[in-house]
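Generate coordinates for the entire structure from the input sequences, incorporating the hints supplied.
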Amino acid sequence: MTNAAEDFKGYRSPTLELLQKENAPVWSQVTLHTTRGDFSGLILPRSETADALHIVLKLDTGYNIGVRWDTVTGIDVHGRKVANYQIPEKEFPVDPGKPRVKLFGTGGTIASRLDYRTGAVIPAFSPGELYGSVPELADICNMETEKLYGVFSENMGPEQWMGTARAIAREIETGVAGIVVGHGTDTMHHTAAALSFMLQDSPVPIVMVGSQRSSDRPSSDAAMNLINATRTAATSDIAEVMVCMFGPTSDEYGLLHRGTRVRKMHSSYRSTFRTLSDIPLGKVDAEGVKPFRTDYHQRRDDKKVKLVDVFDDRVSLVYYYPNMKPDIIDSLVDNGYKGIIIAGTGLGHVNKPLYPALQRAYDAGVHVFMTVQTLWGYVQMYVYETGREIMELGVVPAANMLPEVAYVKLGWALGQSQDRDEVKRLMLSPVNGEITEREPHNGYLVFQGGIPEVDEFISSHWK
Amino acid sequence: MDHDHAPFADPWLGKPLPLYGELAADGYAELGFKCGLEIHQQLLTRRKLFCRCPAGRYNRGEHHAEVLRHMRPTLSEMGEYDGTALMEFKTRKNIIYHLNQETVCTYEMDDAPPFEMDDQALDISIAITMLLGCNVVSEVHITRKQYLDGSIPTGFQRTAIIGTDGDIPFGGKTIHIRQLSLEEDSCREVSDKGHVRIYNTDRLGMPLIETVTDPDMKTPQEARDVGQVLRHLCRVTGLVRTGSGAARQDVNVSVAGGTRIEIKGVPSLRAIPRLTHNEALRQRTLVGIRTELERRGARPADLPAGGCDVTAAVRGTSCRFLARAIAKGATVMAVPLPGFQGLLQVQTQPRTSFLKEFSDRIRVIACLDELPNLALSTQDVPTLSSGEWNRVAKACRVGSEVPVILVWGPRQDAETAVSEVLIRAREAFAGVPQETRQALDDGTTGFERVLPGADRMYPDTDLPPIGLSDERIDRIGSDLPLPPWEREARARGAGVGPDLARRLARHRAWELFAHLLPILQERSEAALTPHQLASLLLDRSCPRPLQIAAAGDWWAGITRKLVAGELLPEAVWTAEAEPVEPWAEARAEEAVAAALADLPADLPPDPDKREAVLMGKVMPLVRGRVPGSTVRRWIHALNREIQP
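In order, the protein sequence lines correspond to chains A and B. Under the numbering used here, the first residue of the first sequence carries the number 1, and numbering increases by one thereafter. Under the numbering used here, the first residue of the second sequence carries the number 1001, and numbering increases by one thereafter.
Treat the hints as calculated values from the structure; they're not laboratory data. Don't be surprised by glycine CBs; every beta carbon is placed ideally from N, CA and C. Warning: the hint list may mix true and false statements.
Here are some, though not all, of the chain B residues that point toward chain A, as calculated from beta-carbon distances under 7 Å [unchecked claim]: (1) E1066; (2) D1111; (3) A1112; (4) P1114; (5) M1117; (6) A1127; (7) G1133; (8) V1136; (9) S1138; (10) E1139; (11) T1143; (12) T1154; (13) L1463; (14) S1469.
Here you go:
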């Protein structure tokens, strides 16, 4: 045995000893004699998160089964067949007449392959691999790719946000037609907000994209999202940080959401991303990009982008709930946090017992801003006495900034200044739509199922 | 215009094929006929397999929303694309799902991950696995089996092996069971036209088991009979669904020199013999065509690399369907098939020639489903004029003796059609291409899709494996019903006649029979034999399974009276505590006449229905006094005299 870890990938005691004793490493073609009868097939690696008691066997029919080690009375090894798992790689064709698009990878699953150790999928990413799985991309652009990170969305943070912003700025300065950023969907809106603040006045589109169904499944939304995002990056006149994901759950078109107003709203739907308190920038499908509005930043010919790659991570987001105790705020202050975003109830409220703690935070120089956990609508702290009292404690209303966006922006602002007035100025001066002057009537549309006319509308459109 | 009249070397080519019924067992043996079954059976559970939607609820076409999807092929775990997947991708179908909120949730829509597998379904499938004598796995791994036809919105079916390698006795031999899997049922197709396929999702996700046999059946009839045994085996558990669509089967057929062909969507077990007969002969003819191509020295390399656009050459044709297509902007493409002289018209199935294999591929893959979807230069039916065919041949740079196939449609579809014609022609050199075929009503089969292989299997990354403990297996094993063959043996052993024993073994009255048999066997001088008891129980009035527990006691009392000769068998349905005395014939006849004295005016005109109505009127008045068979005889005679 040269390399036990590789030869018996994922197997642990007691199954490992059994396979070693019987000289049956993974990829062996075997017959297992067991107390429940004989089973023949190929020994596969074992997922590291599964228990240590079973041998995984791939039958000739392609099915997998598990055989418990202590039912095995003998193993006959017949041969060996190693899986060669590769995305078919084809050279991405270069057409001098097509725009150049740069795709940065952070860890989404645009194309993917199976990871035997975890049983999960891991992304494949090179232009050749992408072309092998989504050849339509070559009709749109000349694509270059660069893997920045290989992390799940929940592991993205300030360091990755700043790193991504720097990489994009560098690329823009070389004169690219557009940027696509592959990203896990869970925190895509956090990163979209961070990039919106860190990369200002971009001359080209910066399009974030991911998939809600991984690309190892035939029904995946990954290919269409990538095609839509690439088309937007290559051709769109909208030069902003955007999220490009499914509009409806049907394979119809993608929506382009402004990076500061977008939020993931469903744990699993394809059409999970929504623009809140406003309408999206536009839509994109095979026909091209169709803007819904005119007040966007237009594409320019220059290669200038303003990079503000700073972040102070001593910031927290507190989701208020009834009966919240002041020690929640106190512990943040005691642990040296410099900024707190509260997602308050209704128009922006918390309970009275928190007042002393908020006063204490203010006195300690902590910057506290109020947002609303209703997500839609503005903070309005004059309407009720509670609101006025809270403002007197130094809590600043953050208009209709989404809580997560406010969290990202406060970290970014504190990265530039600790001065109370300057931080307040940065927070309340919109960079790109995170605070809007007005909320259009159709900025809040959550259809209620069951209402006859709504159900009628739903039944007459692809969902 | 048929140019090659030389007799074919292969004896099966160029003459009518034997019809179903004209071939005996040795005929099939000579063909090397082999058949295996895949029996699908829905389980009787409250919920679907991977979500909490109700199982067994169907909506009658009513839906509240629609979703549009496309399918893309993905790599298998072993790093290869599946042929079927690539084929379906070529079809560029818009797949539309109809959603009814009573029967589907976000899981079936593929907008939510699966919930844990339904435990009840797992228990039932383990029980059936054990009845089949299969080895039960110790850990169930959920696998994704790709289906790019859209019949499952995820693009794959979640399926898991529960056991492998079982055996069941059949007619003195053993049928080997390869495996049993538990899987989610697929959508029901509503329509499939052009590039749009519509599915109803109500059935989607219901728990289903698939039992796969080895190709151990050597005649078409045997295949049907084994299918029956397997179906009854599932039914003896009382835990499977019955009724339309609850049990379905796919049939695998091959002959010597052929390959395994899967016939999908076989509507009933009765349809199996004719379908498998025709499929066996189709394969035999294709083997003959391969031999003939070899004899001629034809090679796949002689086939052209692509088709030629002959739209200009045939514009202005008086061939109606072609003119109509061209008027609608169709591109017409021609593909010459050198080496195939005379072969395309060879009969492969009843009323079907080899040419249909090309037409089927074009219909399914290029979505050109308006028929005819091709024309053949050497065909007898009128298509283009000979002048036009000559122009086509010239455009293709072949002599007029070379058969040329024309296809037409929107440019992209016409190009797909050309490539499919060439693929099918190349496959002719190998003999029988691997594909799944669709069962047609007339007993023939049509191309459905390329046969999927192990490459379409992929482990499910959404759900962990499920361990099956020895305790669980023991618990299920201790409560197993007798399989039908053991029931039959037991009834035969008790003296029940062979036909009755076979029927009883599959009947829901079995439990009752097994319960009553000891009462009968306690008394050797019994006035009722087990055979008579079986006959009585198979009377249609037998209580339904849900009532069996309550009916059991009542039956035990009745059986004692029957055994003692205190009760006429016909009297059991009205029997209370007191025995009923049979009537003499004269009195009986009088009673029947009285019962029929005033016939209702609205008797049905159909004699059979009328007889049923009359029986229903008379029997309640004389049950227990006059044997039912006697009443039926009288009514039958009377019925013929009634003028509707």
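**Request:** Could you check the structure against the hints above and give me the numbers of any it violates, in ascending order?
**Result:** When the structure is compared with the hints, numbers 4, 5, 6, 7, 13 and 14 turn out to be violated.
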